[in-house]
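Could you put the whole structure together from the sequences, leaning on the hints where they help?
Here the numbering used here is used: the first residue of the sequence shown is 71, the next is one more, and so on.
Hint data in this document are derived by calculation from the structure and do not stem from the laboratory.
Any given hint might turn out to be false.
Pairwise CB distance ranges, derived in the manner of DEER restraints [claimed, not checked]:
#, residue 1, residue 2, range
1, Gly79, Ala153, 39 to 47 Å
2, Asn155, Gly182, 15 to 23 Å
3, Tyr145, Asn81, 19 to 27 Å
4, Asn81, Leu185, 19 to 27 Å
5, Phe80, Ile184, 14 to 22 Å
6, Leu162, Ser117, 20 to 28 Å
7, Gly186, Lys128, 36 to 44 Å
8, Lys134, Ser111, 36 to 44 Å
Note that the structure is predicted; figures quoted are calculated from it, not measured.
The C-beta atom is built at its ideal place from N, Cα and C for all residues, glycine as well.
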Amino acid sequence: MLDGITYGGFNVIDIQELYRKTGLPVIVVMRSYPDFEKIISALRHFSDWEARWNIIKKAGEIEKLVTGRNGTPIYIQKAGIGAKNAEKIIHLTSIRSNIPEPLRVAHLIATGIILGESRGKA
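In structure tokens form, the structure reads like this:
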């Protein structure tokens, strides 16, 4: 389970390759639908922007999913797992919010390490 497919300055995770190399299904969770115009604009600052953009496109369809009691949607992409199973995993692991617990707790820990306390959405 990943929190988005870009990390630390637009390092892009190829979720299809991650699945092929590990044999483990991959589910990407996003709080909001990506603004592709802004993403392309930011990527153009890199000499290899087209390769990064192709990885983002190759990640597959973005699906809207409502998990929490408040009805706030999240968006997912997946590799190596069907829509029904991905949805079931997301619902089973979204206990305290619409974000699955593994990602929520990882965010709390990382923010606590960096800032000394957790702030914002987790």
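| request: State, for the Cβ atoms of Gly79 and Ala153, whether the hinted interval 39 to 47 Å holds or is violated. | output: violated (31 Å)
| Is it true that the C-beta distance of Asn81 to Leu185 lies inside 19 to 27 Å, as the hint says? | holds (22 Å)
| said: Taking the Cβ atom of Leu162 and the Cβ atom of Ser117, is their distance within the range 20 to 28 Å? | reply: With a Cβ separation near 42 Å, Leu162 and Ser117 fall outside 20 to 28 Å, so the hint is violated.
| task | Look at the Cβ atoms of Asn155 and Gly182 and judge whether their distance stays inside 15 to 23 Å. | result | violated (32 Å)
| task | Return holds or violated for the Cβ distance of Phe80 and Ile184 against the range 14 to 22 Å. | result | Given range 14 to 22 Å: holds, Cβ gap about 19 Å.
| message | I want to verify a distance hint. Is the separation of the beta carbons of Gly186 and Lys128 within 36 to 44 Å? | response | At roughly 38 Å between Cβ atoms, Lys128 and Gly186 fall inside 36 to 44 Å, so the hint holds.
| task | For Tyr145 and Asn81, compare the CB-CB distance with the range 19 to 27 Å and indicate the outcome. | result | holds (20 Å)
| Holds or violated: 36 to 44 Å for the Cβ distance of Lys134 and Ser111? | Roughly 24 Å apart at Cβ, these two residues miss the hinted range, so it is violated.
The structure does not agree with the numbered hints 1, 2, 6, 8 stated previously, though it agrees with the rest.
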